[in-house]
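**Q** Sequence:
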Amino acid sequence: MAIHLKNLPLIDINALNKQLNSIVAENGGKADANEVRNKVLATLKETYRTGCEVAKAELNENGSGTACAKRLSDMQDLLMRCILEFALGHVFPTGSPSMAEKLSVVAVGGYGRGTLAPGSDIDLLFVLPYKQTPWGESVVEYLLYLLWDMGFKVGHATRNIDECVRLSKTDITIRTSILEARHVCGDRSLFDELEQRFEKEVVRGTAREFIAAKLEERDDRHKRSGASRYRVEPNIKEGKGGLRDLHTLFWIAKYFYGASKTDELIKLGVFTRKEHNRFLKCEDFLWAVRCHLHFLTGRPEERLSFDVQAELARRLGYQEHGGLVAVERFMKHYFLIAKDVGDLTRIFCAELEEANAKDTPDLNRLFLNLTGRRRRKIRGTTDFVLETKRIAAADDTIFERNPVNLIRLFWLAGKHNLAFHPDTIQLVRRSLKFITKRLREDPEANRLFLDILTSKNQPEIVLRRMNEAGVLGRFVPDFGRVVAMMQFNMYHHFTVDEHLLRSIGILSEIERGDLEAEHPLANEIFPEIKDRVVLYVALFLHDIAKGRKEDHSIAGAKVARKLCPRFGLTTAQTELVAWLIEEHLTMSSIAQSRDLADRKTIQDFHALVQTTERMKMLLILTVCDIKAVGPGVWNGWKGQLLRTLYYETEPLLTGGFTQVAQSERVNRAKQQLSQVLMEEQRGDEKVWSQRQVKTYQKLHYSAYWMRVDPEAMARHARFINDAEAEKRTFATTVHTKSFEEITEITVYAPDHPRLLAYVTGACAVAGANIVDAQIFTTTNGKALDSIFINREFNDDADELRRGARIGDLIQEVLNGSLHLPGVLATKSKKTRRQKAFSLDPEVSIDNTVSNLFSVIEVSGLDRLGLLYDLTTALADLNLDIASAHIATFGERALDGFYVTDLMGEKITGPAKHKAIKERLMRIFTTKPGTAGHVPNKSKRNTAPMNKKSLTV
0 MAIHLKNLPL
10 IDINALNKQL
20 NSIVAENGGK
30 ADANEVRNKV
40 LATLKETYRT
50 GCEVAKAELN
60 ENGSGTACAK
70 RLSDMQDLLM
80 RCILEFALGH
90 VFPTGSPSMA
100 EKLSVVAVGG
110 YGRGTLAPGS
120 DIDLLFVLPY
130 KQTPWGESVV
140 EYLLYLLWDM
150 GFKVGHATRN
160 IDECVRLSKT
170 DITIRTSILE
180 ARHVCGDRSL
190 FDELEQRFEK
200 EVVRGTAREF
210 IAAKLEERDD
220 RHKRSGASRY
230 RVEPNIKEGK
240 GGLRDLHTLF
250 WIAKYFYGAS
260 KTDELIKLGV
270 FTRKEHNRFL
280 KCEDFLWAVR
290 CHLHFLTGRP
300 EERLSFDVQA
310 ELARRLGYQE
320 HGGLVAVERF
330 MKHYFLIAKD
340 VGDLTRIFCA
350 ELEEANAKDT
360 PDLNRLFLNL
370 TGRRRRKIRG
380 TTDFVLETKR
390 IAAADDTIFE
400 RNPVNLIRLF
410 WLAGKHNLAF
420 HPDTIQLVRR
430 SLKFITKRLR
440 EDPEANRLFL
450 DILTSKNQPE
460 IVLRRMNEAG
470 VLGRFVPDFG
480 RVVAMMQFNM
490 YHHFTVDEHL
500 LRSIGILSEI
510 ERGDLEAEHP
520 LANEIFPEIK
530 DRVVLYVALF
540 LHDIAKGRKE
550 DHSIAGAKVA
560 RKLCPRFGLT
570 TAQTELVAWL
580 IEEHLTMSSI
590 AQSRDLADRK
600 TIQDFHALVQ
610 TTERMKMLLI
620 LTVCDIKAVG
630 PGVWNGWKGQ
640 LLRTLYYETE
650 PLLTGGFTQV
660 AQSERVNRAK
670 QQLSQVLMEE
680 QRGDEKVWSQ
690 RQVKTYQKLH
700 YSAYWMRVDP
710 EAMARHARFI
720 NDAEAEKRTF
730 ATTVHTKSFE
740 EITEITVYAP
750 DHPRLLAYVT
760 GACAVAGANI
770 VDAQIFTTTN
780 GKALDSIFIN
790 REFNDDADEL
800 RRGARIGDLI
810 QEVLNGSLHL
820 PGVLATKSKK
830 TRRQKAFSLD
840 PEVSIDNTVS
850 NLFSVIEVSG
860 LDRLGLLYDL
870 TTALADLNLD
880 IASAHIATFG
890 ERALDGFYVT
900 DLMGEKITGP
910 AKHKAIKERL
920 MRIFTTKPGT
930 AGHVPNKSKR
940 NTAPMNKKSL
950 TV
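Following numbering that gives the first Met the number 0, the numbering of the sequence shown begins with 0 at its first residue and continues without gaps.
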């Protein structure tokens, strides 16, 4: 192995040529025979495979990604030369070739740069003379088929020089590929002529056009792959901060400056040596990850998905340390590298601007039209000036003279809505050493920072620039600890620092009223918040203690008590911030996992928040936190749950409501429904008579009247009335809730201990995600179960059809024509992403959460059919489920069940608790669809719900 580490070729081309010549000789010189071709192909394949194994071993040994990529490219060059020599020497010999019988094999694209990953495309340009003959086409065809049969994905074009020049003028992609062109083998004169004409006829005088096109192309690529470089499953090639961004810099440098190597940018003054070293470090790391990724997956995979991250971390040598597991440390390094790529891009673009390379009017873009160095004063400061509509340093010593200016710069930019001059941002990066303990404790610096954080003028933008410049993490070291930190789970879409900044942006939008339609309650109560500063600071700090061994909510409160006085907050403000951080998950947890119709839930929440001000702040903070987790995490159902919890608790806090007697609440609900039903008419006739209404009212027990909202009661009444009139054994109805993004499927069927299990199993088979369930028994021996599932279609008609199909599926299960365990066993296969995670399941039983029910909470790795297995197990355990509350956080399911025994009592006794926990824990270690049910000798409650079983 050591011999290869000295940069000797991965393959011995002389030995390979001898092998191929021997194959021809052994077959009488008939190189075009199929037998010869097959042997040649097998030899080439084995040679390439061996070379890749050596490259992989070297990568594991020395860790250099750039070296691996270059070695693979060099090996490809040798193979191309060998194949072309074989083709010209044995298959298409010409003796003395004419001018028309010439061919140049040119590497373009990534291959042209001289770097390849194990699964990279091989981009080739075959340059032929102006006068072409069938010989040239035959040679190209032979080469391509051999490469394809070797397993390469080849991007190719066959053109003469005139065609190359003409197409390059009109197509930026072709122009970019030829910009990177490199001669591999064949006739050199054709390639030299192409290079000369390309420079003279295409490149000269078109730099501005090319740069504009490449930057627009980059922006479009970022939008497609996700605008943030801090997505937790980044695309290492196309994503923001990935290899393609470095390639873009290389293209522009070569096109504009004529630089063929990045180190030439030092001489040109574009990069300092330190910045160039950072470029090489970023490139080497990204290539190492990419090469490892291709070797690991055996395919050209570019996305760092969860299922490969842990193994990549192991291969790259990361280990657990300081509260972060190995994979989190690896991904933090990745995001820091991506951030460095962004920094280098801005530095590079600043130099381009100085060269007047590009115009861009948008304040958020990196380039603005250079119209001269005319400066204007900014009111209230002599250290900063306006230069081409951007804030700039008056001179290069302002940060050294007064380090507070490192904060004042961003304060002024936010106050006056100014973009930053790139030279000044470069100066900031080079002045980070002046952010010391003395500056952190400076009252003026902290006053300015608090103004930035709580600005009414889009604080997220300024905070993000502070973070990108490295100022934010230096000024608030606790924030610096979470910069680029990822959490290895499927719930969080962004790094911790990105999440915090996004949450501030969402809070600012709510304050401005921009999200009124989406978050009506938060929009309504924000103007009533007495101390908006507390809310902004709490949101900025709520996850700042992530990655520590202590619970981040508790640790975050400690950080807040240390930082808030430094920021200038009073003792009372500090304690309120600390409380909000300590409880920032509580409202979401209660809303999603507790029965909000249970008075004990509301009383406990009331005791926690104590004042309407704290509840308002906690609600707004919770909305911002959930929404900032990532796209699709927030939905209207979560909003509805939070609003319900808020509205149910508010009367207790304001003293406008005392505990009304249960009988009074039941009577009030009955009267409201009676009034609605009695007013319904079909033509001139009333639909409901007084006697029918009274008969219907007797159908439900008290729990129904206390838990269901009036609008749903009226729907249920019509549904049950129609089902009874039509004498349907099983009936389902579907109701969509557009704003909540939820579809409600209600089942009316004979009561059966396994009814909820059957319904949830049918939903699992249909791929429906259940978020809540209400279960009621009626006085006529029936059950009315409402299942709430996440909406799939925007159009109501489509969603109703989907709901109807699920309803049909439920009825198939209930009448015994669909065997759930078998279907679920075949469907319940873990996805690649799920296989990346392992969670220790937990089961808890709490008799203090509710006055009427025992609350069983189950947490573990989510999968298809989990809820079916859980509800089946609870039925086996002879437990009655009153309601189920289903929450999913990425790969983790958190399901809560309000239960009693068959006598309607809470579950007490250690032995019973132990049996429940053991049964539910078993579900996470056995085959889906089978863990819930245990054979019962008496066969009690185990039969499908066909007509025969209705008498059980």
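What the hints contain is simulated information worked out from the structure, not anything from laboratory work. Hints may be right or wrong, so weigh each one.
[Claimed, not checked] Below, in silico cross-link-like pairs of lysine-lysine (DSSO-like), each with a Cα-Cα straight-line distance of 27 Å or less:
1. Lys916 to Lys905
2. Lys436 to Lys548
3. Lys685 to Lys726
4. Lys69 to Lys168
5. Lys266 to Lys29
[Said to hold, decoys possible] Using C-beta positions, here's what the derived DEER-type ranges look like:
6. Gly297 to Tyr144: 15 to 25 Å
7. Arg714 to Lys685: 39 to 49 Å
8. Ser737 to Lys599: 30 to 40 Å
9. Gly821 to Asp603: 39 to 49 Å
10. Thr585 to Lys736: 40 to 50 Å
11. Asp219 to Thr611: 41 to 51 Å
12. His155 to Ala32: 17 to 27 Å
13. Gln318 to Thr924: 21 to 31 Å
14. Asp191 to Glu215: 29 to 39 Å
15. His155 to Phe792: 11 to 21 Å
Even for Gly, the Cβ is constructed at its ideal location relative to N, Cα and C.
**Q** Please go over all the hints and tell whether each is borne out by the structure.
**A** Against the structure, the hints:
Between Lys916 and Lys905 the CA atoms are separated by roughly 15 Å; this keeps the pair inside 27 Å, and the hint holds. The hinted pair formed by Lys436 and Lys548 meets the criterion: a straight-line CA distance of about 26 Å does not exceed 27 Å. At roughly 22 Å between alpha-carbon atoms, Lys685 and Lys726 fall within 27 Å of each other, so this suggested pair holds. Pair hint Lys69 plus Lys168 does not hold up; C-alpha atoms about 30 Å apart against a cutoff of 27 Å.
At roughly 55 Å between alpha-carbon atoms, Lys266 and Lys29 are farther apart than 27 Å, so this suggested pair is violated. For the pair Gly297 and Tyr144, the beta carbons lie near 23 Å from each other, so the given range of 15 to 25 Å is met. Separation of Arg714 from Lys685 is about 18 Å and departs from the stated range, judged on CB atoms against 39 to 49 Å. Roughly 32 Å separates the CB atoms of Ser737 and Lys599, a value that falls within the hinted 30 to 40 Å.
Evaluation of the 39 to 49 Å hint for Gly821 and Asp603 yields a pass: the beta carbon distance comes to about 43 Å. About 26 Å separates the C-beta atoms of Thr585 and Lys736, a value inconsistent with the hinted range of 40 to 50 Å. Checked against the given bound of 41 to 51 Å, the beta carbons of Asp219 and Thr611, roughly 47 Å apart, stay inside it. At about 26 Å, the beta-carbon gap between His155 and Ala32 stays in the expected band of 17 to 27 Å.
The given range of 21 to 31 Å is respected by Gln318 and Thr924, whose C-beta atoms sit roughly 29 Å from each other. A beta carbon spacing of about 32 Å between Asp191 and Glu215 agrees with the range 29 to 39 Å that was offered as a hint. Taking 11 to 21 Å as the suggested C-beta distance range, the pair His155 and Phe792 does not conform, at roughly 43 Å.
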